Every structure is written in structure tokens, then in C-alpha cells.
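Undergrad: Sequence:
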Amino acid sequence: MSTRTFWAVMVVLCLSVVGILACEGNAANMAIQGIPKYICPSATPRPTDSLPPPNPPTYPPSFAANLDYSYVDPARSFVRLQFLAQNVGTVQVGVSGTTQTGSAWLGSSTTLASTGNYAGITSDYPVFIPTDVFNATINVSSNWGTQQFNVSRYTSIVSSVPVSPPCCLASPIYPTPQSTYTPYPTPTLFEMVAPTAFYAEDPVYNFTPPVQLRLRLHYPMTSGNFFIPLFTAAAWTIQITNVGTTEYDFLGAGYMYISEVEQLGQTVRGVWPPSHQAATFLGITEQAYSPKAVRPGETITVTVAAWIPMTFKPVKVALALNPHRDGEAGYATFTPGGIKVIEWVNQLNPICRGEIQYP
Numbered sequence: 001m002s003t004r005t006f007w008a009v010m011v012v013l014c015l016s017v018v019g020i021l022a023c024e025g026n027a028a029n030m031a032i033q034g035i036p037k038y039i040c041p042s043a044t045p046r047p048t049d050s051l052p053p054p055n056p057p058t059y060p061p062s063f064a065a066n067l068d069y070s071y072v073d074p075a076r077s078f079v080r081l082q083f084l085a086q087n088v089g090t091v092q093v094g095v096s097g098t099t100q101t102g103s104a105w106l107g108s109s110t111t112l113a114s115t116g117n118y119a120g121i122t123s124d125y126p127v128f129i130p131t132d133v134f135n136a137t138i139n140v141s142s143n144w145g146t147q148q149f150n151v152s153r154y155t156s157i158v159s160s161v162p163v164s165p166p167c168c169l170a171s172p173i174y175p176t177p178q179s180t181y182t183p184y185p186t187p188t189l190f191e192m193v194a195p196t197a198f199y200a201e202d203p204v205y206n207f208t209p210p211v212q213l214r215l216r217l218h219y220p221m222t223s224g225n226f227f228i229p230l231f232t233a234a235a236w237t238i239q240i241t242n243v244g245t246t247e248y249d250f251l252g253a254g255y256m257y258i259s260e261v262e263q264l265g266q267t268v269r270g271v272w273p274p275s276h277q278a279a280t281f282l283g284i285t286e287q288a289y290s291p292k293a294v295r296p297g298e299t300i301t302v303t304v305a306a307w308i309p310m311t312f313k314p315v316k317v318a319l320a321l322n323p324h325r326d327g328e329a330g331y332a333t334f335t336p337g338g339i340k341v342i343e344w345v346n347q348l349n350p351i352c353r354g355e356i357q358y359p
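The sequence shown: position 219 = 219 (my numbering), numbered continuously.
Derived by calculation from the structure, the hints in this document are not laboratory data. Certain hints may be false.
As the list claims (entries may be wrong) - Derived DSBU-like pairs: lysine-lysine, alpha-carbon spacing no greater than 30 Å straight-line:
#	residue 1	residue 2
1	K292	K340
2	K37	K340
3	K313	K340
Since this is a predicted model, take the numbers as computed values, not measurements.
Assemble the whole structure, with the sequences as input and the hints as a guide.
TA: Structure (C-alpha cells):
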């Protein structure tokens with residue numbers, strides 16, 4: 001299609017669909033200056049999304065012990081040594097005593113646990129007191145000190161409640177703050193303009209004032225519902241966010257058109273302009289055929305439809321960035337020269353995903 005034919009189509013389209021689009025508009029607020037860009041976090045995969053291991057904590061020493069009972073009787077010959085230990089080295093227990101005849105009972109010595117700079121233990125150990133032992137001494141020791149307990153023997157049964165185990169182990173001390181995720185590699189800047197197309201769903205930023213925008217074409221573009229005899233209705237949705245401080249005057253669907261279609265692997269370039277009739281045919285009620293003032297911080301989402309040749313699918317959609325300039329008497333007019341166009345392809349980005357936060 002020639003340049004003259006293209007602009008003839010655009011002029012007729014905008015006059016018939018939009019009407020007098022910009023009779024009172026400021027041309028500077030209608031144009032997107034500079035080169036819109038998509039900034040991807042990285043062109044290469046992240047090395048990992050897992051947290052690195054934190055520095056090991058310090059476990060403060062903890063050591064305590066007691067007996068569940070301080071006596072034995074005809075019904076019970078065991079007492080239970082209850083203890084907790086953390087970072088106090090080796091824990092040992094020794095038992096000795098005196099028999100009813102006054103002789104020494106040598107008992108036994110046992111290692112209960114080995115501790116270090118890691119989480120401690122809470123445990124118990126049964127100590128057997130023979131029936132001929134009149135009294136016994138239990139010593140439990142570690143690097144943190146020694147505790148001694150005496151056990152008596154009663155000749156009659158005694159009823160009492162056991163003593164609760166000691167409490168509690170000291171909490172670990174973490175010397176560093178919580179770890180953070182592995183940072184992204186150095187960002188890779190994508191500066192894609194026609195004929196190279198942006199991918200659908202990628203946030204495309206215009207950084208050049210006065211109008212500063214984020215543009216995002218939603219995925220997918222759709223088509224279907226043949227309109228007998230020659231056309232298919234196709235639709236696309238674009239999200240526009242004003243990230244600057246100047247109002248953006250979006251003049252509706254006249255800015256956009258389908259620029260490439262495909263059939264059986266063969267693509268065809270052209271201009272398939274927006275159509276109110278195509279949108280109505282697809283049941284689209286929220287249409288983009290009226291001017292909209294997008295204030296700073298505001299986001300609008302508009303859906304546009306067009307007729308394309310029957311059995312074809314939409315491949316690319318285009319947006320004219322600066323189709324206006326101040327004309328006579330302050331009117332904005334379409335101009336055939338100096339036009340910048342960007343395109344989106346009906347495909348998700350296969351290279352990278354994500355968004356660098358706009359400054």
C-alpha cells in the first residue's frame with residue numbers, strides 16, 4: 001500500500017469514526033516523543049531464585065538437670081535424671097552410694113550426650129538403685145559445671161507427684177540480617193521500534209517528555225466470527241498508563257491499526273484500520289472510538305476491533321506515535337510526514353519476562 005493510500009485511509013477513518021478528534025486539543029499532549037523502549041530485567045535466565053544459606057547462628061550454653069523423684073521405696077527402684085544441655089561439651093552421669101550395712105556402693109559412670117555449637121537436647125536417663133542401697137548420690141557434669149542429687153530409700157511406699165523436667169534451652173543468636181534473593185544480572189535494554197515489534201504483555205515505556213507513558217498490549221489478539229462474504233473481525237486491547245506529569249490526550253482508535261496478518265504461515269503487510277462495526281459485531285461494548293484525556297497517574301484500558309481478510313489471523317498491531325501537529329487556527333491535523341509507528345506482535349516474549357520499575 002502506498003504512503004498516499006495509507007494516509008487517505010487514516011484521514012477518512014478518523015473523520016468518519018472519531019469525528020472532529022482534536023478541535024480543542026494541544027498537539028504536544030497528543031504525541032509520544034522519543035523512542036519507546038521495553039526494559040527487560042535480563043536477557044539471560046536468573047542464576048537462582050533460592051535464598052542463599054544464612055551465616056550460622058551461635059547457640060548459647062544451656063545446662064540444667066533434676067530428678068523426677070528424690071527417693072525409692074518398695075514399689076519403685078528407679079529415679080529418672082531429667083536434663084537439658086546445649087553447647088556445654090560432654091555430659092556425664094556418675095552414681096554411687098552406701099548400702100544398709102554401711103559398705104560403699106560404687107554404682108556406675110555413663111556419658112549421656114556430646115554437645116557443641118548447634119541446637120541442644122532435652123532428655124532423661126533412668127538410674128537404678130539396688131534394694132540394699134540405703135542412700136545414693138547422682139552427679140551429672142559438663143563443661144558448664146556439676147550438679148549433685150541425693151536419693152533416699154524408704155521402707156514403706158510413699159505417694160507423691162513427680163517433678164517436671166527443667167526448662168528451657170537458650171534461643172540461637174543470628175549474627176547477620178535475613179538473607180536476600182540473588183540479585184538480577186545487569187539489565188538488558190530493549191529498544192524495539194518498527195519494523196521490529198514489541199511482544200504482547202511487555203511494558204513499553206516512553207521516557208521522553210512532555211508525555212510519558214507505559215503501554216501494554218494484552219495477549220492475545222483475537223479473531224473469528226466470519227462476516228460474510230469477505231471479512232473476519234479481529235480485536236486487540238491496549239492498556240495506557242500516564243507515568244508523567246503531563247496529561248495525555250488519546251484520540252481513540254484512530255491511532256491504531258492492524259499492520260500484519262497471517263494465513264497458513266504466510267504473512268501479509270498492510271493497513272487494516274479500526275471499525276466501530278467490527279467491534280459491534282464482536283459484542284465489544286467498551287470501545288476506543290472517543291477521545292480520552294489520560295491524567296497523570298491514571299490508567300485506561302481500551303479495546304479496538306478491525307476487519308481483516310477472511311480466514312486470516314492478526315499478527316501485528318501498530319500505534320502511530322505523532323500523527324498530529326498544530327495547524328491553522330490552533331487545530332490539530334493529520335500530517336503525512338515525519339510519522340513514527342511502533343508495533344506489537346501477537347506473541348509473548350520468549351527471551352525474558354518482568355519489568356524494571358519506572359523511576
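Undergrad: Could you check the structure against the hints above and give me the numbers of any it violates, in ascending order?
TA: none
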